[in-house]
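Engineer: In order, the protein sequences belong to chains A and B. Take the first sequence: its position 122, counted from the start at 1, is 122 in our numbering, and no numbers get skipped. In our numbering, each residue carries its 1-based index in the second sequence increased by 1000.
Hints are computed from structural coordinates only; laboratory data are not their basis. The beta-carbon is built from N, C-alpha and C at its ideal position, and this holds for glycine as well. All clues given are correct.
In the DSBU-like style, the derived pairs of lysine-lysine whose C-alpha atoms are separated by at most 35 Å in a straight line are:
1. A/Lys-94 to B/Lys-1258
2. B/Lys-1258 to A/Lys-221
3. B/Lys-1137 to B/Lys-1074
Not close to chain B: a few residues of chain A, all C-beta gaps over 10 Å, as computed:
4. Val-103
5. Ala-169
6. Leu-173
7. Pro-211
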Amino acid sequence: MVSLLDIIGPVMVGPSSSHTAGACRLGLLARGLVGGTPQTARIELHGSFARTGEGHGTDKAIAGGLMGFRPDDERLRTALDIMEREGLDYTFEKTTLGDDTDVHPNTVRISVTRNDRTAVMQGSSLGAGRVLVTQIDGYPVEVTGNLHTIVLVAEDVKGSVARIATLLADAELNIATLRLTRKQRGGDAFMVIEIDEQPGEAVRDTIRALPWVRWAFRLDKVGAA
Amino acid sequence: MYKSLADAIRDAEARGVPLSTVALEAESADGGRTIADIRHALARALHVMRGAITQGQDPDLRSSSGLVGGDAAKLISGPDGPLAGTLFRDVLMRALAVQEVNAAMGVIVAAPTAGGAGVLPAVLTGLAKAKNIPDDKVIDALATAGLIGAVVAERASLSGAEGGCQAETGAAAGMAAGAAVEMLGGTPSQSGHATALAQQGTLGLVCDPLGGLVELPCVFRNATGAAIALAAIEMAMAGITFAIPADEVIDTMGEIGKAMDVRYRETAGGGLAATPTGRRLAKERLVQIKRAEG
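All chains should be modelled from the sequences, with the hints used to inform the complete structure.
Structural biologist: Written as structure tokens, this is what we have:
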């Protein structure tokens, strides 16, 4: 369903909703995977992101997103200078992540490190600022950033979904969607949970404390307000 | 949200209310936000639009490639043309200003997109200033513009990559025309005719930006899009009707977009982007961007 506020909006730094605003949102989501501004990032640009990204400030927008700037933050324009000043080690490469039938033309793979945490995320900018994360640490996912999201990797134990659902219900959080994927039977399970309300740090910490959870992160909503 | 402008016009006229009323009610019913909350978000959009217009009047403003910028200022302090001192010239200036700010990585409202962001603020704020229209009415007009844009998104497309520039500045002209007619006291039907009149004038318009950058001709397409919107507003307010209803004009835009060769859909493979000068400029400027960024 189309919202009037999607049409009259978003408020954003130009010049392109897909190459700038969407790119910034992908940076914000990658930042969430390591719980804050990554110290290093390898940013691999594919397709149109690689071809016209520089002219659209795609590099600035992704770097800005990684540093926590939102699509309407004027600091995006000077994000690369800020990145250098802060001593952050972000590198940009042009690459091919697959052929056109498999990979959206505006796609980026971002490998981030913050302290002892690393993550690799692949995502696409679909147009009008909307984004879709399609892979996290090699697991196929679908994260839009339109809602608050919790992502976690757990051992494939019985009852894990029920345990997480109860835990969220106890915290008065309403699950909008839940997706479970795993690379193989008995292998690690990857859970993506979209939640209507913003989950607190305490919820994330409780999930992390479960013995069978390897890691869990909270991604803030990055869609239009 | 409505999927047909005819339905919205019928509902509004049956109740004797403007299109913005049915648009705001539909949005509130869909998303659960109060009308006051939606109007608050639109008021913020208006504030950002005005900010971009002010910022874009700087004669030294340049895009990151240097291809565009500083032309809005020429409509303020440059030599007079036949339209000097008129609303028309002021609206052109505003459209260029917003789009030049967009190209320079300034803050704008994508309405409906970043590439077509100049038309709506230029037409609405330009008319509001010339006719002393209070902000409340301009905010309502933004709701009507949003309704028209939502119908276009539903029936056709708002993406240059999908439908060419007719889906970006063309849709923006249709939105601006219909919204402005309400703001100026026209009826919902007149808004519908204004939208149809504006969009018929942009059918077939290709998206052919040099180097794939939202700069050239995008900046100028916003100015000419605003001019088409003004023409449509003038005709509709004079009681001129367009025989093909707005919904069908929008459907036609979608159909033409689907048939449009990929070269004319934002890929820089055809149109002005593929001219000898277009190719040369794009190459030079992309090199320049790289150099500037080290």
